[in-house]
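J.: What follows is each chain in one-letter form.
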Amino acid sequence: MEAFGLYNYWIVIFLMMSGFYVVIARGNLVKKLVGLNIFQASVFVFYISMGKVAGGTAPIIAEGVETYSNPLPHVLILTAIVVGVATTALGLSLVVRINEEYGTVEEEELAGKDPAE
Amino acid sequence: MAATIFMVVRLRNLFAVVMLGGIYSLLAAALLVVLDAVDVAFTEAAVGAGISTVLALGALSLTTSQEKEPSRRPLYTLAVLFVVSVTGAALIFGSLDMPLFGDPAAPIHGHVADTYLAEGQAATGVPNIVTAVLASYRGFDTLGEVMVIFTAGIGVLLAFASAQAGRKPDDEVGGGEDDE
Numbered sequence: 010m011e012a013f014g015l016y017n018y019w020i021v022i023f024l025m026m027s028g029f030y031v032v033i034a035r036g037n038l039v040k041k042l043v044g045l046n047i048f049q050a051s052v053f054v055f056y057i058s059m060g061k062v063a064g065g066t067a068p069i070i071a072e073g074v075e076t077y078s079n080p081l082p083h084v085l086i087l088t089a090i091v092v093g094v095a096t097t098a099l100g101l102s103l104v105v106r107i108n109e110e111y112g113t114v115e116e117e118e119l120a121g122k123d124p125a126e
Numbered sequence: 037m038a039a040t041i042f043m044v045v046r047l048r049n050l051f052a053v054v055m056l057g058g059i060y061s062l063l064a065a066a067l068l069v070v071l072d073a074v075d076v077a078f079t080e081a082a083v084g085a086g087i088s089t090v091l092a093l094g095a096l097s098l099t100t101s102q103e104k105e106p107s108r109r110p111l112y113t114l115a116v117l118f119v120v121s122v123t124g125a126a127l128i129f130g131s132l133d134m135p136l137f138g139d140p141a142a143p144i145h146g147h148v149a150d151t152y153l154a155e156g157q158a159a160t161g162v163p164n165i166v167t168a169v170l171a172s173y174r175g176f177d178t179l180g181e182v183m184v185i186f187t188a189g190i191g192v193l194l195a196f197a198s199a200q201a202g203r204k205p206d207d208e209v210g211g212g213e214d215d216e
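Protein chains in written order, with the numbering used here: chain A, 10 to 126; chain B, 37 to 216.
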């Protein structure tokens with residue numbers, strides 16, 4: 010069956026949607042960021058799985074190896090991982106600031122609350 | 037990985053949630069090794085599972101480590117599940133047009149990748165093609181990546197610096213900028 014060969018996308022879509030669920034269903038801001046990281050890691054796996062060639066090896070040139078996987082998604086995702094941790098750091102620093110200013114990191118308690126002057 | 041996410045949804049102890057997030061990253065890294073992306077797996081294990089977890093634990097120590105019990109809103113949860121399912125179904129429908137897993141004739145393999153693999157070592161002297169592309173062919177993009185990290189660092193510093201400036205008397209705020 011031909012459609013079975015698409016299973017890598019379906020696994021990634023399942024993981025991605027689970028991360029998405031954590032992001033929008035949970036009110037705690039730290040948990041939202043963990044969900045965002047789960048979503049992000051799933052996208053990384055998606056890109057890398059597209060670059061995989063059946064029977065290929067890692068794209069490091071060696072004698073006696075003819076088939077290599079595509080190195081381009083690897084380069085893209087290396088950049089994305091580092092940018093991802095930068096955005097995570099910025100998000101967490103904002104969470105800490107919100108906690109300093111409002112005394113809570115729960116979305117429900119934050120709604121309609123002004124900073125304590 | 038699915039079990040990890042399930043526990044992330046269920047648990048209210050944020051310390052455990054953050055650690056499970058790290059475990060998820062580590063499992064993703066193992067999966068990347070299987071998919072031939074050793075460099076990416078290395079970075080994901082060090083940065084995704086390591087630094088992100090440390091940063092999140094630091095944030096927890098400055099805030100709180102227990103998630104509060106949410107008010108029961110079954111309708112909202114249903115709506116969220118609906119949105120997530122519809123998005124997932126749309127993505128699966130889209131995946132039906134994608135090339136098969138591991139197909140060497142997929143469009144992604146048809147552009148410059150072959151050139152890099154054939155000439156990369158001779159042109160840059162680096163046998164690892166991922167390094168050759170990252171540092172040599174696409175070196176300016178990597179410089180841009182460094183700028184992004186720098187900008188994020190400035191953002192983090194500003195988020196905290198403005199808080200300290202806000203606590204000072206008004207006449208000190210202007211002169212205090214140079215010291216920080």
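Take these hints with a grain of salt, some might be off.
Claimed, not checked - Quick list of in silico lysine to any residue cross-link-like pairs, SDA-like style, CA-CA up to 25 Å:
(1) Lys41/A to Val119/B
(2) Lys104/B to Leu15/A
(3) Lys122/A to Ala199/B
(4) Lys122/A to Tyr112/B
(5) Lys41/A to Leu111/B
(6) Lys104/B to Arg106/A
(7) Lys41/A to Ala81/B
(8) Lys122/A to Thr187/B
(9) Lys41/A to Ile190/B
(10) Lys104/B to Ala89/A
(11) Lys41/A to Thr151/B
(12) Lys41/A to Thr187/B
(13) Lys122/A to Ala125/B
(14) Lys104/B to Val62/A
(15) Lys41/A to Ala125/B
(16) Lys122/A to Val184/B
(17) Lys122/A to Ala81/B
(18) Lys104/B to Phe29/A
(19) Lys41/A to Thr99/B
(20) Lys41/A to Val62/A
(21) Lys41/A to Val184/B
(22) Lys104/B to Glu109/A
(23) Lys41/A to Ala199/B
(24) Lys41/A to Glu155/B
(25) Lys41/A to Asp133/B
(26) Lys41/A to Leu179/B
(27) Lys41/A to Val120/B
Claimed, not checked - Label pairs and their in silico Cβ distance ranges:
(28) Glu110/A to Ala141/B: 28 to 36 Å
(29) Thr113/B to Thr66/A: 18 to 26 Å
(30) Pro163/B to Gly112/A: 39 to 47 Å
(31) Ala154/B to Arg106/A: 47 to 55 Å
These are calculated hints, taken from the structure and not from any lab test.
Backbone N, C-alpha and C define an ideal beta-carbon position, used for all residues, glycine too.
J.: Can you name, in rising order, the numbers of the hints this structure does not satisfy?
T.: Of the numbered hints, 2, 8, 10, 11, 13, 14, 16, 17, 20, 24, 25, 26, 28, 29, 30 do not hold.
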